[in-house]
Amino acid sequence: MYIARTLRRAGGAFILASLVAAAPAADAAPKGRVTVALASDASTHDPHMHTERMGIIMHQHLFDTLLARDTKTWQPVPHLAESVKGVNPLTWELKLRKGVKFHNGEPFGAESVKFSFERVLNPEQKSPIRGNFTWIKSVDVVDEHTVRIVTQKPYPLIQEILTFGNFGMVPPKYIKEKGDAHFARNPVGTGPFRFVEWRKGERTVLEANDQYWKGAPAIKTLVFRVIPETATQIAELLSGGVDIIRAVPPDQIPAIERSGVARVTATKILRVVYLQLDGDGRAGKTPLTDVRVRRAINHAVNVDEIMGKVLGGKAVRSPNGNNPMVFGYDPATKPYAFDPAQAKKLLAEAGFPQGLELTLNTYTGSIVNVEQVAQAIQGYLSQAGVRTKVRHFTDVGQYLANFRGSKLDGMTLASWGYNSVFDTDAIYYIHFHTGQPYTYNSAKEMDDWLDEARATVDAKKRQDLYARFQRFIVEQAYWVPMYAQFTIEAASKKLNYEASSDEIMRVYAATWKD
Amino acid sequence: MGTFVARRLVRALFVCLGISLITFALLHVVGDPVLLLLPQSASDEDVRLLKEKLGLDRPLWAQYAVFLGGALRGDFGQSLFTQESAFALIWERMPATLELTFAGMLVGLAIAIPLGVVSAIRRGSLTDRLCTVGAVAGQAMPIFWLGIMLIILFAVIWRVLPASGRGTPAHLILPAITLGAYLAPLTMRLTRSGMLDVLTQDYIRTARAKGVGERVLLFKHALRNAAIPIVTILGVQFGRLLGGAVVTETVFAWPGVASLAVKAIRTYDYPVVQGSVVLLALLIVLANLLTDIAVTWLDPRIRLEDRGA
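Chains as they are written, first to last, in my numbering: chain F, 1 to 514; chain L, 515 to 823.
Source of the hints: derived by calculation from the structure; they are not laboratory data.
Every value quoted in this text rests on a predicted model; they were computed, and no experiment measured them.
Among the clues, some could well be false.
To spell it out: a stretch of chain F is covered by chain L in this simulated footprint if at least three of its residues, at any positions, have a beta carbon under 8 Å from a beta carbon of chain L; those stretches are [to be verified]:
no., region
1, 214–225
2, 394–407
Per label pair, the in silico range of CB-to-CB distance [as the list claims (entries may be wrong)]:
no., chain 1, residue 1, chain 2, residue 2, range
3, F, D514, L, T641, 52 to 60 Å
4, L, D558, F, R263, 17 to 25 Å
5, L, L523, F, E371, 44 to 52 Å
6, F, T364, L, Q715, 53 to 61 Å
7, F, P254, L, I536, 43 to 51 Å
8, L, L644, F, G260, 32 to 40 Å
9, F, P324, L, G753, 52 to 60 Å
10, F, T364, L, L644, 21 to 29 Å
11, L, R562, F, A332, 36 to 44 Å
12, L, H542, F, D210, 25 to 33 Å
13, L, R562, F, E475, 44 to 52 Å
14, F, K85, L, V544, 47 to 55 Å
15, F, D70, L, R562, 36 to 44 Å
16, L, L523, F, D180, 33 to 41 Å
Where a beta carbon is used, it is the ideal one built from N, C-alpha and C, also for glycine.
Using the sequences provided together with the hints, build the complete structure.
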């Protein structure tokens, strides 16, 4: 009875969502050409065979996922699947949209869905996203437009995973006939654009799919150009060579706004930035195992000032390290107040009246203005008596290897992008559950809450568990929670286009200004 | 000549072997591609499995042996990211890099040789001094900065040339000037000093005394002799040019091997890095070989020494 009620709740959300889904089709025929600059190329046009952001951006235009996101609430909404309903705690039924065709004319249906799932799950395929789907036991075709997904155990994140940018639906017949290598260079999907040309390292050209089930896009030709250098991207934007660029450095915003030809569009994204403290002493003996030292560090850093001065206000405060946009975020938790005197007092109580020295690890990668943020933290900490030795990784691979290899001693200025999953599980499980690769703080009660929230599809219960969890980690001061970042993009003034919080560039939704 | 070339080729083989060994060791010591291939949330088990599948769990010497065995057959393995032949990926990009490098070299020589000759003839003049100052400034100028400045001037302000990319001849102009400006200063100074050296030689004085016209004297007698150090240095400069191409390709979004290699290095795509490095090294070795042959042709004395040895 209880399960039936919770399933109804989960399913009910979907039926509601389906009423507001599907944007109206554009009436006018597609026209014009839009060029988007990306810092690197996709390594493949097979959506299942990579985890790269640039590839995901391009593939959202070629392929459709089963569910999409509402661009206001960022919640999953129907897309190729019209509804997702729980039949029992281990079985989900997907009703598929009818009349959808792949670009080569092959019809989309239950067999395509089954094929796409089984392709990713097949170990021989070596898909790097396989790990996100191993909760699936089987995918069964019920009829031409209905499939059932059977899970190993109750899996609350199913709707999130079905929006997953890499998991576009692919055409079984085409791939079986032509092979994976051909498909990777000549992709065929059901998306708003069809593939025209790929000149590796240079450009990918797409053309509007006039037959798109949501109506043809407003833009006729869409070009993704590879331009690694930010300065060159901005020059291209200002000279009219490209129409949209992303990852604009905050200090370039005024120049773009002044240009008269382009404007900046920025919005909050999933990536959160925080200072992780080695509370377990996983990387060796450290004063950070004492909660008073961790609280002192929390009191010492002025996060609001960093957000204002280093990021020009382009950030959203996070009191608990979680992103306010995701399911399970607890708005009731409050961050530690900036109070250097209190920090010093706590350090003295912990036996460090003369202060102490700690490593501050940082890396070049996803954190905007990382050097300045690290320097600011260093400055605040020194005022409270915490001397820092900065260890900066210029290479993400090395940083991750050290992170996973228990070698990040002291504090780490880290960030997390949730793998585009708008759910609390996506950040805390991997950072706080015993035995997980990034866990530097663990406790029995945290394991229990995380496991319990993972094993139920009852939304209310999950929310409660995560609220308790967030209060606990703030009280224990395992992290210095900081902020959620912004994506800063810039677009030609000829276009109606806005940046998205899931960092997928929705050029397919852009329209021309008359 | 045959044995000379054969000996050079054998030496080239050892150079490539040495380079591949160093590249291999450096890359494997520094990082791990598996963590970049998988989502950050991948479990340790996923990491272990992928390592096993890619053969990265084997001892380093065994991995190197596999690489070497393949490389000898012209097979550098498959890109870890695209699962395509690394050789094919690099080969696809090679025309763009060669086009840029040769265009850069042409621009560089077109600037350097006339200015070098003029400076030498008018030694101490205002022209000479301006050229020297220009050469010093050119050598000190970061190639990256020059590229961006050219883009801002020609593409953003005057809007007469495209800012980046490849396709039309117009796209080649700014990158070729950037790379040429990188090559020109040293070549110009060498031409100048080579010419100065030759112009004081006895045979020039004799030729002049015999009444040989000034133009014939300069281009037939002087420049041909001064060309020997220039050609020698060009062989060496070719390596520098490829180095300059890394920056130029990045600034101008030029889809060549250099930018492919840079991305591969960042992602530890071993087969692509090793393939690019070995192929680029081969190109440099080949350029040096051609230089040696050209110098031998220009200077008969070297041929004689070689035969005598």
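Consistency of the hints with the structure:
Here's how the region 214–225 of chain F fares: 1 of its residues keep a CB closer than 8 Å to some CB of chain L, so the rule of at least three is not met and the hint is violated. Against chain L, the region 394–407 of chain F contributes 7 residues with a C-beta closer than 8 Å to a partner C-beta. That satisfies the three-residue criterion, and the hint holds. Between D514 (chain F) and T641 (chain L) the C-beta distance comes to about 58 Å, which sits within the given range of 52 to 60 Å. The hinted range of 17 to 25 Å is not satisfied by D558 (chain L) and R263 (chain F), whose Cβ atoms lie roughly 45 Å apart.
In this structure, L523 (chain L) and E371 (chain F) meet the distance hint of 44 to 52 Å, their C-beta atoms being roughly 48 Å apart. Between T364 (chain F) and Q715 (chain L) the C-beta distance comes to about 56 Å, which sits within the given range of 53 to 61 Å. In this structure the hint that P254 (chain F) and I536 (chain L) lie 43 to 51 Å apart at CB holds, the actual value being about 46 Å. Checked against the hint of 32 to 40 Å, the pair L644 (chain L) and G260 (chain F) passes, with Cβ atoms roughly 39 Å apart.
The beta-carbon spacing between P324 (chain F) and G753 (chain L), approximately 53 Å, falls within the hinted interval of 52 to 60 Å. The supplied range of 21 to 29 Å is broken by T364 (chain F) and L644 (chain L), whose beta-carbon atoms lie about 42 Å from each other. Between R562 (chain L) and A332 (chain F) the beta carbons are some 40 Å apart, a value that agrees with the proposed interval 36 to 44 Å. Separated by about 50 Å at the C-beta atoms, H542 (chain L) and D210 (chain F) break the suggested range of 25 to 33 Å.
Our hint of 44 to 52 Å for R562 (chain L) and E475 (chain F) is violated, since their Cβ atoms are close to 36 Å apart. Range check, K85 (chain F) to V544 (chain L): about 50 Å between beta-carbon atoms, so the 47 to 55 Å window is met. For D70 (chain F) and R562 (chain L), the hinted distance range of 36 to 44 Å is satisfied, since their beta carbons lie about 38 Å from each other. A beta carbon spacing of about 39 Å between L523 (chain L) and D180 (chain F) agrees with the range 33 to 41 Å that was offered as a hint.
Checked against the numbered hints given earlier, this structure breaks hints 1, 4, 10, 12 and 13; the rest are met.
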